[in-house]
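Residue numbers (my numbering), protein chains in the order written: chain A, 163 to 401; chain B, 15 to 550; chain C, 57 to 248.
Wrong hints could be hidden among the right ones.
[Stated by the list, open to error] Derived BS3-like pairs: lysine-lysine, alpha-carbon spacing no greater than 25 Å straight-line:
#1 A:Lys221 with A:Lys244
#2 C:Lys109 with C:Lys96
#3 C:Lys170 with C:Lys109
#4 A:Lys221 with B:Lys58
#5 C:Lys96 with C:Lys65
#6 A:Lys244 with B:Lys507
[Unchecked claim] Residues from chain A that keep clear of chain C, each with C-beta distances beyond 12 Å, as calculated:
#7 Pro205
#8 Val216
#9 Ala229
#10 Glu245
#11 Asp275
#12 Arg286
#13 Glu322
#14 Gly332
#15 Cys357
#16 Lys359
#17 His396
These are computed hints drawn from the structure, not numbers from a lab. Where is the CB? At the ideal position from N, CA and C, for every residue including glycine.
Letter by letter, the chains look like this.
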Amino acid sequence: MAVVTLNVNGQDVAVPAGASLLEATRAAAADVPTLCHLDGLNPVSSCRLCLVEVEGSTKLLPACSTAAAEGMVVHTHTPRLKEYRRMTVELFFAEGNHVCAVCVANTHCELQDMAVTVGMDHSRFPYQYPQRPVDASHPQFTLDHNRCILCTRCVRVCDEIEGAHVWDIGSRGGQCHIVAGLDEPWGQVQACTSCGKCVEVCPTGALFRNTDTTAEKQPDASLPALLRSARDQHRWHNQ
Amino acid sequence: MPSPVQVRCCDASGCRSAGSQALRNALEGARDAAGLDPSQLTIKPVGCLRLCGSGPLVACDGPGPTQLFGGMAPEQAGALIAAALPSSPAPGSGDPLAAHRLDLEAPFFALQRPVVLEGCGQVDPESIDDAIAFGTYAQLQRVLQELSPEQVRDEVRRSGLRGRGGAGYPTGLKWDTVALQPPGPRYVVCNADEGDPGAFMDRSVLESDPHRLIEGMAIAAYAVGAERGFVYVRAEYPLAIERLRLALQQARSRHLLGNHIHGTSFNLRLEVRVGAGAYVCGEETALLLSIQGQRGMPQPRPPFPAQSGLWGAPTLINNVETFTAVPAILRQGGDWYAAMGTAHSKGTKVFALSGAVVNTGLVEVPMGTSLRTVVELIGGGVPDGSPIKAVQTGGPSGGCIPAERLDTPVDYESLVELGSMMGSGGMVVMGQSTSMPEVARHFMGFSVNESCGKCVPCRAGTVQLAQLLDRFVERRATSADMERLDALCQMVKVTSLCGLGQSAPNPVLSTLRWFRHEYEAACREPSGCVATGRVR
Amino acid sequence: MTPSPAAAKLRLATVWLAGCSGCHMSFLDLDEFLFDLAEKVDVVFSPVGSDVKIYPENVDIALVEGAVANVDNLELALQLRQRTALVISFGDCAVTANVPGLRNLLDGGHDGAKAVLERGYLELADATGQLPFAPGIVPELLPRVLPLHEVIPVDLFLPGCPPSAERIREAITPLLAGDRPAMEGAAMLRFG
Chain A
163 MAVVTLNVNG QDVAVPAGAS LLEATRAAAA DVPTLCHLDG LNPVSSCRLC LVEVEGSTKL
223 LPACSTAAAE GMVVHTHTPR LKEYRRMTVE LFFAEGNHVC AVCVANTHCE LQDMAVTVGM
283 DHSRFPYQYP QRPVDASHPQ FTLDHNRCIL CTRCVRVCDE IEGAHVWDIG SRGGQCHIVA
343 GLDEPWGQVQ ACTSCGKCVE VCPTGALFRN TDTTAEKQPD ASLPALLRSA RDQHRWHNQ
Chain B
15 MPSPVQVRCC DASGCRSAGS QALRNALEGA RDAAGLDPSQ LTIKPVGCLR LCGSGPLVAC
75 DGPGPTQLFG GMAPEQAGAL IAAALPSSPA PGSGDPLAAH RLDLEAPFFA LQRPVVLEGC
135 GQVDPESIDD AIAFGTYAQL QRVLQELSPE QVRDEVRRSG LRGRGGAGYP TGLKWDTVAL
195 QPPGPRYVVC NADEGDPGAF MDRSVLESDP HRLIEGMAIA AYAVGAERGF VYVRAEYPLA
255 IERLRLALQQ ARSRHLLGNH IHGTSFNLRL EVRVGAGAYV CGEETALLLS IQGQRGMPQP
315 RPPFPAQSGL WGAPTLINNV ETFTAVPAIL RQGGDWYAAM GTAHSKGTKV FALSGAVVNT
375 GLVEVPMGTS LRTVVELIGG GVPDGSPIKA VQTGGPSGGC IPAERLDTPV DYESLVELGS
435 MMGSGGMVVM GQSTSMPEVA RHFMGFSVNE SCGKCVPCRA GTVQLAQLLD RFVERRATSA
495 DMERLDALCQ MVKVTSLCGL GQSAPNPVLS TLRWFRHEYE AACREPSGCV ATGRVR
Chain C
57 MTPSPAAAKL RLATVWLAGC SGCHMSFLDL DEFLFDLAEK VDVVFSPVGS DVKIYPENVD
117 IALVEGAVAN VDNLELALQL RQRTALVISF GDCAVTANVP GLRNLLDGGH DGAKAVLERG
177 YLELADATGQ LPFAPGIVPE LLPRVLPLHE VIPVDLFLPG CPPSAERIRE AITPLLAGDR
237 PAMEGAAMLR FG
């Protein structure tokens, strides 16, 4: 197996050729934060939390979608990266309607955890209070747009793993929102298999089971990686 | 056999909106009334005659020097026909058209160096015969019959041509990158999704000389080994789309497109794709997705389109102006082109001059011409004669250059150094009464509306920046807002996914840099906020 | 912050703006720590620890619970900022506007106050419903509910809905010694 060796935060690591920078930072236990990335799904580099500094590059590079290369010298937690990450999380909180106390995902929310990770004690940016609807048309699940951070994990898991492509993104800019089918009520989309993968991978309380109430959602975001390795290697994790 | 007298009527969007079609009909009526037939006096619709602000424009070519008239009403058609005829007396004190005569020796015209625009205003954009008579497609034929793709790329590389869409990537290098990819299908794409406010260069080229663009694209396709290409035009340019489609159809019927062009083994299919109004689709990776029928959202690069573009194949994507410069480069040689301009920015650049300026219109000048020459000499300065305050270049991705830096030569590097950028070529002149925080807010509002929404710094950061700028415009900002503005601009610039987000703070950063006092004057002390009891 | 001389006790205020008082309940959950606290501070203003109606001068530390939702909240917030050395945004309502801020979603975000009053006093009332109107007695709602730091400068943020008694103790203890607490990690920072 071909490997590349690189240096992450002063530590030399070796990863298989073709591995992402994110995998390399994990090999160095660097704890690079991510919200849109999920193992098993194609990276989209939209949350910008995994940006790292690579010596010799004038730009910050998203670890999730940058290939690790031989001899790279990577810094993952410089002061400016930490500051940008905190601002990013503040922007996430300010652009939606995130009320942790009454959220179905309270205590199991990746955004809530991320605020802790980046040390966000308050948002310096005013909350926008956007007007967003709730789609409760599906018999088993609900989509609360107020809590959506547009990570597109649901879009990708449905397309790449389930193969149903129920979800996509509509509109643009701050008006962007997840759409079901041809922008129909979720419950009317015949392509939906009700598999629930979108609910499992949703990092916040935007997608949840109707039976869950405040702080009861307990998602399993490891699903895509398991399914992908099962398909690629014809092995289930319990084998 | 051209008639001795030719009247060229601008029939591009600018003059059309000023009534050029009615004028042309009136001119035809006046010609008939004068008992002349088309063999004696030709009335020809042409593309842009440059001085758009004085439309409708009419140029009269006769045995004597060309005369140019602006702001003509249909009622003056008779007088104009009379003036166009060789028998007409030299214009004197009794000249009924004196107020409409435009001086072709004036700096606006005399200092221009048409290369990309050489056919604009000369050829009938709807006639391939006229284009061919003007020399269009001659270079395509020569290239196909005499040059290898390597020789073509060598000529382009030697010319020093850089991408005219804004970023200024060396064109020859890009062509080489595409050509040297492993064997397989390739595409050429023309980015005609011109969306910067204040930019209308590409529209003018498409409306005025579409065959020139097609020739440039065909040469590029030959040089990189592509057999299929697309022109991606925004839907807001209906006339450009109409003329481009007509031109493509004409080119196909003359076998200048299709299979075995000029009897060689070179085949090329070109199609128009119409954008649906998203500014972000001018970003190349988003544009390519849009051509493929996907949602136009920028993708992380690498891979660059030259490696993996349309349907995963190597794709050459260049801007309208870049492709249109190619035939002239092949005709005159790369060295000729490289002799114009500066050390790192070769050739000429087309600018769309607008704002608080006397001469509004299309300008093509050698790279390295000073901004002052462009806006004061060619543009004529601010209409009321007051000094210029700033010049905005590069649209929502660019910045405002203050009057004291007007002696800067216009090239890619100098503009970036001043916190602006070349951009596609929009140049908006601002007078003393312009408020810089308002300018910044205007452009930020544009970025808010046009953000694709994929990455959070651009999607949510521009919204917060616009609201911060509101505070400055409404004079209720605090020094804390100033810090926040600085910090958020940096963050959006550095962390956004694509060039649009990365450059969205530029109008703020450049006005903060050169006009910081205007922001400071809009601040009040936080204690003022507390004391007045008003919630911020 | 400039604490009073070591010999003198610190002057502590706790303030209740637009919140459910849960943060104050959590404060009371400090149990026996309250005795330790009482040895080090004078509670000079507090809905649960004093009967003073006027916010006093020269307060060292104020724990401010709740968002700013009405004119009384606003007046008190401005007043306490002028009279307090160190202001702590105490709990999620003060830090984010939290649940009281949900009314900002009504009426398209323009006038949530009007929308919430009409809903509560007219739409859901019987035939005799009327909007409350008692100038000077019932404070008027602000059009928008704001987190405390959007109204006054805040020195320390103590999130949580409510912050646990443990978190409150960990935040206060260093302050009593004139130090700033390290507000990091899930034990100190988590919203909700």
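Task: Non-interface claim for Asp275 of chain A versus chain C (Cβ beyond 12 Å) - done: violated (8 Å)
- [ ] Quick one: work out the minimum CB distance from Lys359 of chain A to chain C and report holds if it exceeds 12 Å, violated otherwise.
- [x] holds (25 Å)
Open item on the list: Need the status of pair Lys170 of chain C, Lys109 of chain C: alpha-carbon distance at most 25 Å?
Closed with: With Cα atoms ~29 Å apart, Lys170 of chain C and Lys109 of chain C exceed 25 Å; violated.
Task: Satisfaction of hint between Lys244 of chain A and Lys221 of chain A, Cα-Cα up to 25 Å - done: holds (16 Å)
Open item on the list: At 12 Å, judged by beta carbons, does His396 of chain A keep clear of chain C as stated?
Closed with: holds (39 Å)
- [ ] Could you check that no beta carbon of chain C comes within 12 Å of the beta carbon of Gly332 of chain A?
- [x] Fine: 20 Å to the nearest Cβ keeps Gly332 of chain A off the interface.
- [ ] Take a quick look at Arg286 of chain A and tell me if its Cβ sits farther than 12 Å from every Cβ on chain C, holds or violated.
- [x] violated (8 Å)
Task: 25 Å Cα cutoff - pair Lys96 of chain C, Lys65 of chain C - done: Holds. Lys96 of chain C to Lys65 of chain C sits at ~5 Å (cutoff 25 Å).
Open item on the list: For a C-alpha distance cap of 25 Å, please report whether Lys221 of chain A and Lys58 of chain B respect it.
Closed with: Violated, at about 52 Å.
Open item on the list: Lys109 of chain C and Lys96 of chain C were given as a pair; does the straight-line alpha-carbon distance stay at or below 25 Å?
Closed with: holds (22 Å)
Task: Minimum Cβ distance from Glu322 of chain A to chain C greater than 12 Å, as the annotation requires - done: Correct as stated: the minimum Cβ-Cβ distance to chain C is 31 Å, above 12 Å.
Open item on the list: According to the definition I'm using, a residue is off the interface if its beta carbon is farther than 12 Å from all beta carbons of the partner; does Cys357 of chain A meet that for chain C?
Closed with: Given that every Cβ of chain C is farther than 12 Å from that of Cys357 of chain A, nearest at about 29 Å, it holds.
The earlier numbered hints that this structure contradicts are 3, 4, 11 and 12.
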